[in-house]
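Chemist: Sequence:
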Amino acid sequence: MARRHLTRFAWLSIAAALATIAIKTGAWWLTGSVGLLSDALESVVNLVAAGMTLWMLTLSARPASDEYAYGYSKAEYFSSGLEGALIFAAALAIAWVAVERLLHPQPLTRIDLGVALSLVASVINFVVARVLLGAARRYRSIALEADARHLMTDVWTSVGVAIAVGLVALTGWPMLDPLIALAVAANIVVTGFSLVRRSATGLLDRAIPPEQRAAIEDILGALAPRGIAFHALRTRAAAGRSFVSVHLLVPGGWSVHQGHDIAEEVERAIAAAVPGAAVFTHVEPREDPASYEDIDLDRN
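Note that the sequence shown ends on residue 828 in our numbering; no numbers are left out.
Think of the hints as simulated: they come from the structure by calculation, not from any bench.
Idealized CB from N, CA, C, for every residue including glycine.
Check each hint, because a few of them may be wrong.
What the hints assert, rightly or not - Here are the in silico distance ranges between beta carbons for each label pair:
#	residue 1	residue 2	range
1	816	665	40 to 46 Å
2	789	741	22 to 28 Å
3	764	722	18 to 24 Å
4	793	731	30 to 36 Å
Take the sequences, apply the hints, and build the full model.
Modeler: Spelled out as structure tokens, the structure:
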């Protein structure tokens, strides 16, 4: 699947957000529960985040250009970063309403129907989250992963709120409602922090996962019996893309053709081991001392 087709998953998330906003708002209107209101507010965040995901997936699918020669894949990090920031905003709104309800408790009404509606919304979010997470893993999309994990947080939030509202009905303690809303706010802050951190590390050109680097080193190490060494191996991840560069030290008596052939062989092997990788090789004579000095990012 071309990455531009990933937008269909964002549209699925938008549809789910609209449906759950309507359902959860109805549940809050029936019960007056601040916990259910907090749940509805988080679904509004889901809608905004899904819209951002759609935009960034559309942008990231653009082909490379003269101005952006390495493509637009990093646009996905902006989506997950904004989603994390929106989660923080939702947490503040939830906490504000919960504190107000703690100071001025109110009885809840139509709890049975409100809880039922909340659980229906949870099922919708759970199904959509699983679909998005599967797509995120297959196509290495951090934007879809962020959206999926946010929806899963919403699922557990909704379940917790439903349990709390049910306990209010059983115990007659209305204070449980705003207290669970505060717990919801604290829980989604953790998710927001995780998304912001991952986005920041992605924008800072973090290396590819250790297991992928180990696979590359195995490929390069297997060249030793043929008189070929390597150094200056560098990697970076960019959402659905990876970039790998390495210097190959070959016998100085080789022809340009031989050097080119081994470089092509190495690039194909690494691209097969690391899906979505763009591989750059630099061939140097292993007998030349200057070859071993050319290993720093900033060449002297």
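Chemist: I want to verify a distance hint. Is the separation of the beta carbons of residue 789 and residue 741 within 22 to 28 Å?
Modeler: holds, 25 Å
Chemist: So the hint says 40 to 46 Å: do the beta-carbon atoms of residue 816 and residue 665 match that?
Modeler: Because 44 Å falls inside the window, the suggested range holds.
Chemist: Is 18 to 24 Å right for how far apart the beta carbons of residue 764 and residue 722 are?
Modeler: holds, 21 Å
Chemist: The hint says 30 to 36 Å between residue 793 and residue 731; measuring C-beta to C-beta, is that right?
Modeler: Taking Cβ atoms as reference, residue 793 and residue 731 lie about 33 Å apart, which means the hint holds.
Violated hints: none; the structure is consistent with every hint.
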